[in-house]
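Asker: Please take these sequences and the hints and turn them into a complete structure.
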Amino acid sequence: MLVVIGILIKILVVVGITQGAVAYMILLERKVAAYSQDRIGPNRCGSNLVLPGGFRLNLPFGLLQPIADGAKMILKEDVIPSYVEKPLYILAPAISIIAAMIGFAVIPFGPVGTQAPSGVNFQIAPGVDIGIVYVFAIGSLAVYGVILGGWASNNKYSFLGGLRSSAQLISYEIPLGMSILGMVLLAGSLDLNTIVNYQDGHGLWLTRWLGLPAWGVFVQPIGCLLFIISAFAETNRLPFDLPEAEQELVGGYHTEYSAMKFGMFFLGEYLHVITVSYLTVILFFGGWDAPFLNQIQSDWFSGLLKALVLLVKVGLMVFFMMWVRWTIPRFRYDQLMDLAWKALIPIALVNLVATAAIVELLRSSH
Amino acid sequence: MATPTITRPEWSTVIDPVLQKELEQHVLVTNWDKLLGMVDTVYNWGRRSSLWPLGFGLACCAIEMICTASSRFDIARFGAEVFRGSPRQADVMIVSGTVTKTMMPMIARLYDQMPEPKYVISMGACATGGGPFKEGYNVVSGIDKYLPVDVYIPGCPPTPQALLNGLIMLQKKIDGEKLDIPLLGKHGNTPWYRTELDRDIPVPVLGPDLIDLRTVEIAAEKTAQGLLDAREATLTHPPKIAAPQRESATPEPAEPAKPAAKGAKKVKRAEARPSIVWLGNEGLSALAERLNAKFGAETATIIQAGLLIPADKLLVVARYLRDENSIRYDYLASLQSVHYEDCIEVNYQLDSSSKPGSLIELRVRTAEAEGEGEVPSVVGIWRGADFQEREVYDMMGVRFTGHPELARILMWDGFAYYPLRKDYLEPYYEGPSKVFDSRVEEGFGRHFRAEEVNPYGTNMKIPRDFKDWAKLDAAEDTKGLGLLPSGVNVSELDTDQFIISMGPQHPSTHGVFRMNLRVDGETIIGLKPVMGYMHRNHEKIGERNTFLMNFPFTDRLDYLTSMGNNFGYALAVEQLMGDDAKPPERAEFIRVIMAELTRVASHMWSIGFLLNDIGAFFTPALYAIEERELILDLFEWASGSRMMCNYYRFGGVAFDLPPGWLERARGIVNDRLDGKIDELDRYLSGNEIVLDRCKGIGVLTAEQALAFSTAGPVLRASGVPYDIRRVAPYSIYSHFTFDVIKGSAGDVYDRYYVRLLEMRESVKILKQALADIPEGPILPGKKSYQIKVPAGEAYSRVENPKGELGYYVVADGGPTAYRYHVRSPSFINLTALEQMCLGHTIADVVGILGSLDIVLGEVDR
Ligand code: SF4
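Line by line, the protein sequences are chains G and Z. First residue of the first sequence? That's 1486 in our numbering, and the numbers climb one at a time after it. First residue of the second sequence? That's 210 in our numbering, and the numbers climb one at a time after it.
Worth flagging that the hints you see were computed from the coordinates, not collected in a lab. Remember, it's a predicted structure, so these values are computed and weren't measured experimentally. Keep in mind that the hints are not guaranteed to be accurate.
[Said to hold, decoys possible] Computed cross-link-like contacts, DSSO-like style, restricted to lysine-lysine with a CA-CA straight-line distance of at most 30 Å: (1) Z:K904 <-> G:K1641; (2) Z:K904 <-> G:K1827; (3) G:K1641 <-> Z:K680.
[Claimed, not checked] Facing chain Z, according to a computed beta carbon distance under 8 Å, are these residues of chain G, among others: (4) L1645; (5) Y1742; (6) S1743; (7) A1775; (8) W1811.
Built from N, CA and C at the ideal position, the CB exists for glycine as well.
Answerer: What follows is the structure, encoded as structure tokens:
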């Protein structure tokens, strides 16, 4: 019973935090956009608020902007156009956000396993030993949200957006999956903890020789690059945001969606960004590993510290994704496909084979 | 009548005001109403802080709207930078610009698609009441004729600050809103929860005119009464003049053969020449002789320095001129028509790419009566004639036999009139020329709204015999229907093709432009541009304006380059005025400086937005706009206005440069622009994605570019070094050293790069001009509001940032132009769009369109 309650609390906390984080990510995105464009960005909302009782609230940086946006979205008329395929139209945003949410079940948002402080588990569903596979399976469900949304809207732009995304997401799933296999081979496990633990060690002779930690980015540089590229595509972020390419398809698959349904797509997208950032950090940037932290320490304090380290890394990753979005133009659809099939997948294959060979060699040399 | 007294409820107990205030401030909730009031507060606060505008712009005001989002003004501070392309996600519709009849059904539809609560900001004079274009036959006199408006912003265009103020006003309005919660017995003022209220706007119909379905019965009744005809019979109609005839052998300008109108003074005639730089009289007579020798006598008659060709010989002559003549006339610079008393004349300005600057003019005359005129189409010879012939058909009713798809281009099929015919009077017509009597003291200053003079009470004119009222259907897409591209099967697979209508409200069509695309998957297999959504009747209004009055209207053609537009128009009229209006040297320098600054500003904008079109989310555009803002500051300082400068005058400029201006201009030009251009170059020109997206896309070969009559950077990117500043020098451009930039591949990338390099050349010219500018007068004589323009015909050409901007003016010695036509580069460049897009994808279309750099004000005029 207690366990169930504990899990429920954890779910609530995680959902609450991520939803809040997503809201503030949108603000962050707007701020990043503003600063990359030499602007200020939202700064009125939250300043000079007169609360009942005469209190004045003065928050900087438009800190209440996401709340205002949310309030507005919820209160907005929810139009369901007469020409849509109603059940699917309603289902699509739900799928999109649910898939993004439940992906969090296995994501460790702090040290887990041997490194975890006893009694806490920074993971909703600990000990799922096929963690990665689960994340991928759920991640690919999210594409249904987009496809169904595009299809059910009965709008040509949405339809094209849906088509594009089905092709894009399916294509990029492959290099995305293959790029991590290298890490899985090295760590010898699909469990996310084990992979982090591996990165805490000393890895291959090359990294040892260079004095680098065994982070995925050092032991699997190609895999890391492929993963990040595919991750951009998986999350529909520029330069791969073709399903909603505003300049071409107006709103893409969500053109016909209004109010909170649109908001849910939006949230789903940002949640996806968070998931992917967590994965990137855990797989390739050492997870909660930091030079000043010892993996053996598993007291409360260092546990929290590790969670914080992870959070900071994830934040940097998120920032990186935003930075890219506001900097470079977009690929064309066929170029995107070419990139996946003619470049990423072959490279990923070669990388996989090479890694397998090295692992085998190392093992036999022992 | 006594004013009604307002009664207020009496307080039963008197509360000490200090105490009351204290209570209000420190007691959190005093009663049920207050508590409910807090609901309002939260509700309103959410909406006021998150007003997402619908991303659509109608006209010039939209440019200022975009600037409001730029770094300098940053609408994002109010949380309102999230311009949504889809109406479903927008909260506020900023109606930024002239609402035309062609566009109105679309706007109504967009409004209906927006979810409640929705707001409308009417930005600018045009959206508010029709503005400067109110008298136009295709202009709706204010958006509030259809939509409920929350905030009006005055100005033409309102500055970005004004728009921000409008936004704040809207926020204040939202603050005052109260929710209706019937369950709790709370009454509010928010109409959108009242189910009995239908807030949808019935979409008006494009019939013989724009018809509002809410008042269709009244309109039908009034039409049957023929009130408008009765009114028009009482008005002075604009005069018609006879077409110029062959000059007699004597050098004296002979009296016209027909008896002159009674009391007519002998009008001064301007020197007969088609343009300032042209083939010349000898060359023309030699050419005429050659033509006569080859195709029989009377093939070519020289009339007012143009060759009159009989309609049945037009095609052979045209083909001869293009393929066999010693100077190959392979470039149709412009094509327009004039409605004379005895004929409609279509005239063609031709130039040659091999010997540029040898411009000639052909004239073809046809029957004057409405719908009778017929001229063979020259599309087979110069493909650039395509849209221009359609325009003549649309405006004058002349049919072009052999034209592949002769449909109306600016108005819609079904519009009842040919608006540029002299006998067509606009619904708000008052007199043949301004100033209308009603506006001056002699008219006793009896100002009235134009609506009052029209029997329909609105800008509407319907022929008396129109009967099909019942057939009007709002669901029908009258404007775009005739232009669906036909499909060809490109793939072996059995795939379904479908048609997408892109625009007129679309994030990347640069205004209210529309394309009907036929796609197979994402591959374009057919494309038809649909335009006219911003047709503001520039030419018709230009015929009512006195010459001087027309300057501010030219500003609003290509609203990004108002100085350049002024320049061309000034040159056209100066060509007629001859030496009376020769600008002094300082004025020439100022003109060139302004024109080149305009070029830099315009190219900056275009490069920025090209990048935006290929997906770089506004970042390059906003950096480019920063430089543009600096230039606009200079304009504002010199002319008083950022965008609509209205700065040139016949023979000079309106004001001298203010003290300090030159120093600041030198500072910007010498110290800043070069660096900024380098920066763009460094970040963009070598970017992998930019290269991937632009190289080899939308290719136009040199031959095609010429055949399609493209101009400016588009033509030069295809490798034709045709720059009016060089081939037909005007003003003092021959004093300056600069290179004519040309590309080679003719793709999107080259067009981008040509613009970039042209900015460098402009900076070069600017440096020279700013260093050498002399002191002196800025006008040849005194400032004057009365301008006598001799009768005659002129065609001026300037190299505007978008390409060759031409003004064709026919003057009859009166205060207004008899015929006024604008050869607009954006419009004609679009002729090549389909050719460039076929076989590419939807994403490329957006980039190709961006590389053409069109401005809708100029496309539709
Ligand atoms: S003319 Fe142009 S700038 Fe002036 S109000 Fe109309 S749209 Fe705005």
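Asker: Out of the numbered hints, which ones does the structure contradict?
Answerer: 7
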